Amino acid sequence: MNDHAALPDFAAGLLAGYRPPDGVADELLRRNGTIRPVWDPLLRYLGGQTPEQRAQALQRGDQYLRDAGVYFRHHSGESSTERDWPLSHIPVMIDGTEWQRLSRGIVQRAELLERVMADLYGPGDLVKNGLLPAELVARNPEWLRPVVGMRPRSGNFLHFLAFEIGRSPDGSWFVLGDRTQAPSGSGFALENRMATSRAFHELFPNANVERLASFFRSFRDRLSALRGDDGGRVAILTPGPHTDTYFEHAYMARYLGIMLLECEDLKVVDGRLMVRTVSGLEPLSVIWRRLDARFADPLELDEGTALGTPGMVSALRAGGVSMLNCLGSGVLEARALMAFLPRISRHLLGEPLELPNIATWWCGQSKERAYVRDNFEKMMIGPALSTQLPFEMDATTVLGGRFRGAAHAPVADWIEAEGDTLVGQEAVSLSTTPALIDGVLQPRPMVVRVFAARTENGWTVMPGGYARIGKTEDPTALAMQDGGSVADVWIVSDAPVAADSLTGQASGPFMRQMPGRLPARSADNLFWLGRFVERADFTVRLLRAYHLRLEEGGQTVSPVTRAVETYLKGLGLDLSRAIPEGLLELFDLAKTAAGKVRDRFSPDGWNAINDLALTARALAVSAGPGDDAARAMGVLLRKLAGFAGLVHDNMFRFTGWRFLTIGRALERGYQMSGLLAVFADLGAPPGGFEVAIEVGDSAMTHRRRYSVETNRNTTIDLLVLDRENPRSVLFQIDALHEEQRRLPQRGSTSQMTPVARKILSLQTRIAVATPEEMSSAALNNVMSELAMISDSLTAQYMS
Amino acid sequence: MQYDITLRITYTYERPAADTRMLLRMAPRMLPDQRPISGIVTVDPIPDFRRDGLDFFGNSTTEIAIDAPIIKIGFTYRGRVERNPGSGGLDLSCPLWALRREIEACHGLGPETPHHFLGPSDRIRHEPEIRTFAEEIALPDMSTLSVVEAICAALHQSFAFDPSATEVTTEPIEAFRNRRGVCQDMSHVMITALREVGIPAGYVSGFLRTSPPPGQARLEGADAMHAWVRAWCGQELGWVEIDPTNNIRAGTDHVVVAYGRDYADVSPVRGSMRSSGSQTTTHQVDVAPLEMTG
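Chain order of the listed sequences is S and X.
For the first sequence, full-length UniProt numbering assigns the number 1 to the initial residue and increments by one for each residue that follows.
For the second sequence, full-length UniProt numbering assigns the number 1 to the initial residue and increments by one for each residue that follows.
In short, the hints are calculated from the structure, not lab data.
Keep in mind the model is a prediction, meaning the values are calculated, not measured.
Ideal Cβ positions, reconstructed from N, Cα and C, are used throughout, including at glycine.
Possibly wrong hints are sitting among the right ones.
The calculated SDA-like cross-link candidates involving lysine to any residue, where the alpha carbons are at most 20 Å apart (straight line), are [claimed, not checked]:
id, chain 1, residue 1, chain 2, residue 2
1, S, K128, X, E102
2, S, K471, S, D420
3, S, K591, S, V148
4, X, K72, X, P111
5, S, K367, X, I248
6, S, K367, S, E351
7, S, K639, S, L682
8, S, K128, X, Y13
9, S, K367, X, E102
10, X, K72, X, D48
11, S, K378, S, K128
12, S, K367, X, Q235
13, S, K591, S, N610
14, S, K471, S, G458
15, S, K128, X, T113
16, S, K128, S, V148
17, S, K128, X, I248
18, S, K128, X, P111
19, S, K758, S, A795
20, S, K128, X, R274
21, S, K128, X, D48
22, S, K128, X, Q235
23, S, K367, X, E104
24, S, K639, S, E709
25, S, K367, S, E303
26, X, K72, X, R274
27, S, K591, S, N650
28, S, K128, X, A105
29, S, K128, X, C106
30, S, K591, S, A620
31, S, K639, S, S602
Derived Cβ-Cβ restraints for the label pairs, each shown as a range [unchecked claim]:
id, chain 1, residue 1, chain 2, residue 2, range
32, X, T280, S, E78, 17 to 25 Å
33, X, G198, S, D474, 54 to 62 Å
34, S, R151, X, E136, 32 to 40 Å
35, S, S576, X, R274, 37 to 45 Å
36, S, G350, X, Q157, 57 to 65 Å
37, S, P726, X, P45, 48 to 56 Å
38, X, R177, S, P625, 53 to 61 Å
39, S, G350, X, D44, 44 to 52 Å
40, S, G231, X, A68, 45 to 53 Å
Could you build the full structure based on these sequences and the hints that come with them?
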């Protein structure tokens, strides 16, 4: 069919083995084997590169994704691991004129779904008039009875939708599934664009590719406009870091400049949704929901949910917040609905669907059941109310007359017995698009997820998409979990397209985040991130001191080395390994805390923490005791210093930064006091003062400042009382005082808060103390006072 | 028949619980043969927020919120309800084999439509064991009502009433296998059985008047909140209420609080709070017939 002799020279090598399967459309080649013009520039560009140049270019794209920290979670059985983002570098090229036609169909479908949802949660006429069987609604777990009768504050139920589309053998597009619950992928589409435009950085700027930024700009403007004049804020609601798509939630929050919240950040007060922030409860006006609705409210929805906000449904009913999409939108995702949409379209809109969906028959109707039974070899048959896409088939789905899972009754019996819970859908034939495999282009099946957002001027379609590409020619194996990959989608216009970015134009209302609106949970995570990093730093220093002494001592272990060993064990470290597991856990804890505030972290900061945790684990495998371990600690200390430098030099002084800094100062003061209570004690073994000074990183200063031998007074003077020493206890208390003073205050009271009182009292006492007065007992008191300050901070700001 | 009813539920927390938010379904609902004459739900301490309303199924709800930490909270319903005898009489239900067609003829999503009460719901799952049990009783030519009554009788006969056997979260299949439990378990098992043979079935929460033994005064506070089953027996007969714990049709001794698909739709107190400790609950019901009415 494909006459490769007709291919131009530049493409001949790349396309040498390119043979699309019979009976499907191909994105690149026409039926007669000629190249579609929209691919021409890309093929010329690729053809003009040597294989080395090409590899290098694609590497640039991969490097971007690694630097940005884009990954996906691969699940196998109980466990899951983070894997590299599987980008197929070759974008899917779609002609701009064709795209416009497609977009019209998408807009019509979005409007239709809005009307259907308004009816299902309103008058219910579709069911009353026999256009939709009642049981498909009443038995649908996503039809949420508490939402029935609700009128969304914004006037609309749906605001952001995605559609999974494919191309039939005849070249026309069709919808495989509607994503209405909380569609994901738009952020990943942006990341794919970033990576692909880097891989093709010479071609992209002048290739007339439609830019994505204006789509997000108009959606952001809409989010902002929906606030009305009630002064509330805009946020993304995420189920949390354990979710597959959390990266995207954090990414979109940063990209759009809005808050990222979890249900526990929210509280309903008098019919309004409020955010728990460090400065108290702040109203929320608009919420972009990325959490499945059933988990949103344990009072009125799924009772067992640990994720929800009690009273969320009530707040929505009271009109206290605009939610995108409204709770209950998942009802539209059921496969069976597609069997009825063509008729519903003619009924509600007075026109046929411009963009058809996959042919679907609900087996609860006798005629349809008979049709599916007689044609089951050409069908996918599965649960009617499933929200899975046709190519995400599970064990309960039959394709071509065969079950995917274990043995089962004959298909015809199954359809007869359980018909009303089943649908038959035409087996998909997807078009193929080129993927670069082993240096040449190979046809692979693909689907494209397209996105539509409601804006001031109605629905708008993102000019691009999120393509999924099969690993093999099997069109049912597109999912990433099955080894599928993803690709950018380039919509190519006839005319030049100007470069654009979200920040490129000042338009719409100004959405600057004012400091002080930090969610209490984020403050808590940043505070603990600071504490864990500092605790790791202290532990690394003490471990280094220990291993250096082991090395120096050779066979004999001195009393001071024993004392250090005892102290480390007291910290819960198991010294049977040179780099104890307890230290690795500290880095993991820091990483977990950072992972919960990724929207507030630059990729550099995140990479630094990630790198620390990975390096520590790698070093732990090989390092032996003594010099080897001491050197490993040196490596970790340099990396810790690098992280501290990033925090100090690159982070804006938002409230979040202050909590991170407070956490570090508090932990450093606490650990130093504890260390000195033992090693600066008059009963400490010889060499104890030196250990303290070494861990306090102050050996040089000590030599310069004091012309005497190290003694208790000089040690205490330098490591407790010296305001200029960034390792001293008083320095930490000064920092606590300074940063706490700058935290937002709740209410307008001029009275001192309990935290401020505790800090000032401790600060004053240490400031006027003499070294003699700073006995080990006094240092132990400092520790317990710092612990109380930590508790008070938590009580006042972080809950 | 009129009743003066008191329902009192308390929660006591080991440690103070903050941010309490509760949804209550304690007050008897309005029905064609049941009329709440007067009644009020009170909360102690007085909540910071309160809103009364109706849920999807038409049950009375009270939503409350208390911000400050509390160690004890009490809810009280006190009211008077008039309960009239239903129509009863002839079995106008369709044969079981024809029920499916009658269900399909119902177009609508209103709270009374049988479609809500088939298939799985929060607490009711497809259970092949219970299906086998029900299919042995339900023959296609029997009238739907006689199937409902036969399943009710069979369950009543095989079940031992045993409050120590189950908890409020016990799954129906567990109670079914042990053949022990309380009214909630028996109702859940019966609902499962009815749905397995295609009869729409729902859960009723309410009060039962306990008749005093001859010559003794009525025991106060000895009664608990009760549960029974409603089943849809075709267009003509509609919904029928039946009590598997006592193997009787629900009558003037039964006062309905709420209708739902299962317990999750009608639980008298559904709530959340921020607390780390354990809690204890008390539950008292008093259903006193008024002397002068009949």
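Now the hints, each set against the structure:
For a cut-off of 20 Å, the pair hint linking K128 of chain S to E102 of chain X stands: about 15 Å separates their Cα positions. Distance hint between K471 of chain S and D420 of chain S is unfulfilled; the C-alpha atoms sit about 34 Å from each other, more than 20 Å. Simply put, K591 of chain S and V148 of chain S have alpha-carbon atoms about 43 Å apart, too far for the 20 Å limit, and the pair is violated. Using a Cα cut-off of 20 Å, the hinted pair K72 of chain X and P111 of chain X is violated, with the two alpha carbons roughly 35 Å apart.
At roughly 42 Å between alpha-carbon atoms, K367 of chain S and I248 of chain X are farther apart than 20 Å, so this suggested pair is violated. Straight-line distance between C-alpha atoms of K367 of chain S and E351 of chain S comes to about 25 Å, which puts the hinted pair past the 20 Å bound. Simply put, K639 of chain S and L682 of chain S have alpha-carbon atoms about 35 Å apart, too far for the 20 Å limit, and the pair is violated. A C-alpha spacing of about 48 Å is found between K128 of chain S and Y13 of chain X, which places the hinted pair above 20 Å, so the restraint is violated.
For the hint pairing K367 of chain S with E102 of chain X, the CA-to-CA distance comes to about 18 Å; that is within 20 Å, so the pair holds. Taking the CA atoms of K72 of chain X and D48 of chain X, the gap is about 15 Å. The hint holds against a cut of 20 Å. Note on K378 of chain S and K128 of chain S: the hinted pairing is violated, with a Cα-Cα distance of about 33 Å set against a maximum of 20 Å. Restraint check for K367 of chain S and Q235 of chain X: not satisfied, since their Cα atoms lie roughly 25 Å apart, outside the 20 Å limit.
Between K591 of chain S and N610 of chain S the alpha-carbon distance is near 6 Å, which keeps this suggested pair within the 20 Å criterion. For the hint pairing K471 of chain S with G458 of chain S, the CA-to-CA distance comes to about 37 Å; that exceeds 20 Å, so the pair is violated. Note on K128 of chain S and T113 of chain X: the hinted pairing holds, with a Cα-Cα distance of about 11 Å set against a maximum of 20 Å. Distance hint between K128 of chain S and V148 of chain S is fulfilled; the C-alpha atoms sit about 15 Å from each other, no more than 20 Å.
Note on K128 of chain S and I248 of chain X: the hinted pairing is violated, with a Cα-Cα distance of about 35 Å set against a maximum of 20 Å. As the CA atoms of K128 of chain S and P111 of chain X are separated by approximately 14 Å, the hinted pair is consistent with the 20 Å bound. Between the alpha carbons of K758 of chain S and A795 of chain S the distance comes to roughly 13 Å, so the proposed pair stays at or under 20 Å and holds. Between the alpha carbons of K128 of chain S and R274 of chain X the distance comes to roughly 44 Å, so the proposed pair goes past 20 Å and is violated.
With a CA separation close to 41 Å, the supplied pair K128 of chain S and D48 of chain X exceeds the 20 Å bound. Taking the CA atoms of K128 of chain S and Q235 of chain X, the gap is about 16 Å. The hint holds against a cut of 20 Å. Using a Cα cut-off of 20 Å, the hinted pair K367 of chain S and E104 of chain X holds, with the two alpha carbons roughly 15 Å apart. Of the pairs offered as hints, the one joining K639 of chain S and E709 of chain S is violated, with about 32 Å between alpha carbons and a cut-off of 20 Å exceeded.
Between K367 of chain S and E303 of chain S, the direct Cα distance comes to roughly 39 Å. Violation of the 20 Å bound is thereby established for this hinted pair. The suggested pairing of K72 of chain X with R274 of chain X holds, with an alpha-carbon distance near 13 Å, which does not exceed 20 Å. Proposed proximity of K591 of chain S and N650 of chain S is supported: the alpha carbons are some 19 Å apart, at most 20 Å. Note on K128 of chain S and A105 of chain X: the hinted pairing holds, with a Cα-Cα distance of about 10 Å set against a maximum of 20 Å.
For the hint linking K128 of chain S to C106 of chain X, the alpha-carbon distance of about 9 Å falls within 20 Å, and the restraint holds. Distance hint between K591 of chain S and A620 of chain S is fulfilled; the C-alpha atoms sit about 17 Å from each other, no more than 20 Å. Of the supplied pair hints, the one linking K639 of chain S and S602 of chain S holds, its CA atoms being roughly 17 Å apart against a limit of 20 Å. Separated by about 36 Å at the C-beta atoms, T280 of chain X and E78 of chain S break the suggested range of 17 to 25 Å.
In this structure the supplied range 54 to 62 Å is violated for G198 of chain X paired with D474 of chain S, their Cβ-Cβ distance being about 39 Å. Checked against the hint of 32 to 40 Å, the pair R151 of chain S and E136 of chain X fails, with Cβ atoms roughly 49 Å apart. Checking the proposed 37 to 45 Å range against S576 of chain S and R274 of chain X shows it holds: the Cβ atoms sit about 41 Å from each other. Look at G350 of chain S against Q157 of chain X: about 59 Å separates their beta carbons, and that is inside 57 to 65 Å.
Hint check: P726 of chain S to P45 of chain X, Cβ distance near 51 Å, so the stated range 48 to 56 Å holds. In this structure the hint that R177 of chain X and P625 of chain S lie 53 to 61 Å apart at CB holds, the actual value being about 59 Å. Between G350 of chain S and D44 of chain X the C-beta distance comes to about 58 Å, which lies outside the given range of 44 to 52 Å. For G231 of chain S paired with A68 of chain X, a C-beta distance near 26 Å fails the hint of 45 to 53 Å.
Against the hints set out earlier in the document, violations occur for numbers 2, 3, 4, 5, 6, 7, 8, 11, 12, 14, 17, 20, 21, 24, 25, 32, 33, 34, 39, 40.
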